[in-house]
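Turn these sequences into a full structure, and let the hints guide you.
Quick mapping for you: the protein sequence lines, in order, are chains F and P. Just so we're aligned, residue 1 is where the first sequence starts under this note's numbering, counting upward by one. Just so we're aligned, residue 1001 is where the second sequence starts under this note's numbering, counting upward by one.
In case anyone wonders, no lab produced these hints; they're calculated from the structure. Don't be surprised by glycine CBs; every beta carbon is placed ideally from N, CA and C.
Covered stretches of chain F (chain P as the covering partner; in silico rule of three or more C-beta atoms under 8 Å from a C-beta of chain P): (1) 33–46; (2) 63–71; (3) 98–106.
These stretches of chain P come out as covered by chain F in the derived footprint (C-beta under 8 Å, 3 or more residues): (4) 1031–1038; (5) 1082–1093.
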Amino acid sequence: MAFGKPDLGSIVPKGTEFDPALVNKMMGKFGHGGFLDMEYVGHGADWVELAIDWREDLVADPDTGILASAVIISLMDNATSMSIWTKLGEFRPQVTMDLRIDYLRPSPSGERVYGRGICYHLTNSIGFVRGFAHNGNADEPLAHASGTFIRIGDRIS
Amino acid sequence: MTDTPYPLPPYAQALDMTIVDEIDGVPVIGMPFADRVQGRPGYLHGGAISGLLEIAAITAVHRALQAKGSDSAIKQVNVTVDFMRGGLNQMTYAVGEVTRLGRTMANVEARAWQDDRDKPIAMGYMHYLIKAKREDAA
Chain F
1 MAFGKPDLGS IVPKGTEFDP ALVNKMMGKF GHGGFLDMEY VGHGADWVEL AIDWREDLVA
61 DPDTGILASA VIISLMDNAT SMSIWTKLGE FRPQVTMDLR IDYLRPSPSG ERVYGRGICY
121 HLTNSIGFVR GFAHNGNADE PLAHASGTFI RIGDRIS
Chain P
1001 MTDTPYPLPP YAQALDMTIV DEIDGVPVIG MPFADRVQGR PGYLHGGAIS GLLEIAAITA
1061 VHRALQAKGS DSAIKQVNVT VDFMRGGLNQ MTYAVGEVTR LGRTMANVEA RAWQDDRDKP
1121 IAMGYMHYLI KAKREDAA
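The structure is reproduced here in structure tokens:
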């Protein structure tokens, strides 16, 4: 296994209640999630909120200090992905099929960015998600996200 | 247009992205596989692939603006990413194509691939607002 990252499927065996805080200790601390240092903030029945601290090396435009768009994508990707398992109550292997982000405003330099992922519908094979990013006040979103995840066979992961 | 490549932003440098080639005058961005771009074990994270697409798109827009003699700044409005194949433990490439460059906005398509450009691992579709230089706007 590359880079010794544990397999999510083995950490969260089938039939085990899904715990986003626990799972983020892996998804947010290894690999790309670890590079971004994603932190678990909270969750409800069908949502998970994560956060990333502003960092100079995550900036797309050094003149303004605005975070790279893809930092928000990664945040929303992880938060929405985990919202599916949270709603489902257990882990199932899946991959992102598509993800759309609308940037309402830039995330200001130095500001922590929060991403809330919501699973609004689940079928046997597809998880439909939406979500938004903000800087600490959920009533003032900076981006909106929507996307779909497709379930994959246990054989892949 | 100058010979100096548009400097890649800190985010791109942090993920070890470099300009590796040119296709029709548009830079091809390369990103090596590493733990910091990995999602599920052995595969690229969708966000890292999106990051590569973003850098390719931005680079393409800047090149297109330069070619028009414009030094306008750009602001991303939105992006849709389609993930088509898992990104494996190898080099990934991306190039952006400005499908329309107007006075107020640019439509861009970016394609990421590994072995075969005709088998993209992901495509990004972006809209950018073209902004007058800050000095002009003041």
